[in-house]
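Protein chains: 2
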Amino acid sequence: MANTYWSEKTLQLLRRMNNFYLPGSCRPNCLRFEIDGAQVGWIPPRVVLLLARFPEVFSPPHGGAVSLCPILNSYGRRSEAVDTVLQTLRQDESLTCLKGWRDEKYSVMPKFSDAPLMWMERAATSLFGVKRYGVHINGYTVSDSGEVSMWLARRSPSKQTYPGLLDNLAAGGLAAGVGIKQTLVKECQEEACIPAATAEKARPVSTVSYTYEDEEGVFAESQFVFDLKLPLDFQPTVGDGEVQEFYLLPIEEVKEMLASDDFKPNCAMVVLDFLIRHSFIEADTEPYYQEFVEGLHQTL
Amino acid sequence: MANTYWSEKTLQLLRRMNNFYLPGSCRPNCLRFEIDGAQVGWIPPRVVLLLARFPEVFSPPHGGAVSLCPILNSYGRRSEAVDTVLQTLRQDESLTCLKGWRDEKYSVMPKFSDAPLMWMERAATSLFGVKRYGVHINGYTVSDSGEVSMWLARRSPSKQTYPGLLDNLAAGGLAAGVGIKQTLVKECQEEACIPAATAEKARPVSTVSYTYEDEEGVFAESQFVFDLKLPLDFQPTVGDGEVQEFYLLPIEEVKEMLASDDFKPNCAMVVLDFLIRHSFIEADTEPYYQEFVEGLHQTL
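One line per chain: the protein sequences are A and B, in this order.
Quick note: the first sequence uses UniProt numbering, first residue 1, plus one each step.
Quick note: the second sequence uses UniProt numbering, first residue 1, plus one each step.
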């Protein structure tokens, strides 16, 4: 039988990471963020109030939506006008997310397959509930006797977000105009000193999608997931300082750690997805099997 | 680059199989089907009208829900009372789904992890939008040079549903009280004459979930997905007559066939899930990659 404590903790993780869909979330009070009539995000009520100070950029709320002014009719005009607003809002002490300003441009579009309508500073996306995309890489080894181990990173204590917690081998956000595999190769190189020729062997296997809210806003994210089977003698090493240490752990130990609070939550979801795809969880003995898969792919 | 025609056809498949969530579906007009205050399904308006003829079993609609009468306070009482109603409704010519009566009992519960509150005849579940669970098995081979091929079944022309269309190696619904692996072994044996010792090697890898409506009702389904790697010299053979023929096809050919109308739609979804997990679809070149994964796991 499955470990009940583990199952419950894992279900709680998925619920927390999808709390935007749960009763009691700010969702019913959010306004849709629309560009040219298409929804690209969800704006929490307190942000709506702040945006009212910039009527030359944001039209007054209408029909449950906040839209960009129609005069902002190109990718460049929209991006620059919103960026100017955000530069002003950075002075606002209450917007803690903007203290994490990164000078990273994220594409804004209704769906990943749509052409971007503008770019937005990464740190501001949660104010608008704009969907962010990234890449996460499961690094693993298989011993001669078939035992699977997984490489995990421990985040640097100086990281802005989730300092000191466990992370996947490498991961990173998709900046505007940069490809998925390109981001993967770059992050593998920068964070773990994995040569491009090795990183290129990573295989696309899944996505993990979720939406949560916290005091900083609405986080709607989809991660493209890759598996990278590494040689037994390969050793990732600390690169740009985002990681303090790498560990190679037996998969059962990794599984147990999912139920600790030692994991960056979205990385724990990527590991759970790995455990399911690689048959480390049995459909008959894990009562939440179907709910686990469901919780990894919430996007409606 | 991905084949645009293939991508669009595959996206259409996923939209059709999730049309209950799309604008224009009967969902806003459905009533929740509740037992003991917990939702277990969605009842379309025309079925609500029929149920009004049985006030000793179904309480009058209240607050957007139809409930079983409180006197039906046990698994056995609920199951028998509803079964009696359904036996009467079988005479109703307009309920075409009940012509497919199978004498198969399906468990009814809010979530898979909850204790069943009653059983219901399989053919009636779409009248109540009660969730159905099943097992689908991807049978595949890997040649010495690494080429993957997949076993597909062509359904018998005399099957009640989707006659003559392509299907997974084996599949079947989860009857009340029967385990997932147990169902898998049974279906492999009955449909494809796969010995239990071989079927047991199937590995749990995923679920595929979707909800569609058609003239017969609301189909809310989750399939537990297993991969079964078969020896190159293994040959499934026709068993109970549900299948007319088995084919072993190169994976690229299977992929192309997803865009034909030759597949039973939910089996095509199971194949798409296989293609994604086994890296036959690239995240960078398939524009709908993220939407494909999302479309395979719609349950909110």
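Hints were generated in silico from the structure; no laboratory data involved.
Please read these numbers as outputs of a predicted model, since none were measured by experiment.
Warning: the hint list may mix true and false statements.
Stated by the list, open to error - Which stretches of chain B does chain A cover? Using the computed rule of at least three CB atoms under 8 Å from a CB of chain A, they are:
1) 111-125
2) 233-243
3) 288-295
Every residue gets a Cβ at the ideal spot worked out from N, C-alpha and C, and that includes glycine.
Quick rundown of the hints versus the structure:
1. Residues of the segment 111-125 of chain B lying with their CB closer than 8 Å to a CB of chain A number 3, which satisfies the three-residue condition for coverage.
2. Given a C-beta distance limit of less than 8 Å, the hint that chain A covers the segment 233-243 of chain B is violated, as 0 residues qualify and 3 are needed.
3. Look at the segment 288-295 of chain B against chain A: 6 of its residues bring a Cβ nearer than 8 Å to a Cβ of that chain, three or more, so the hint holds.
Comparing the model with each earlier hint shows a violation of hint 2 alone; every other hint is respected.
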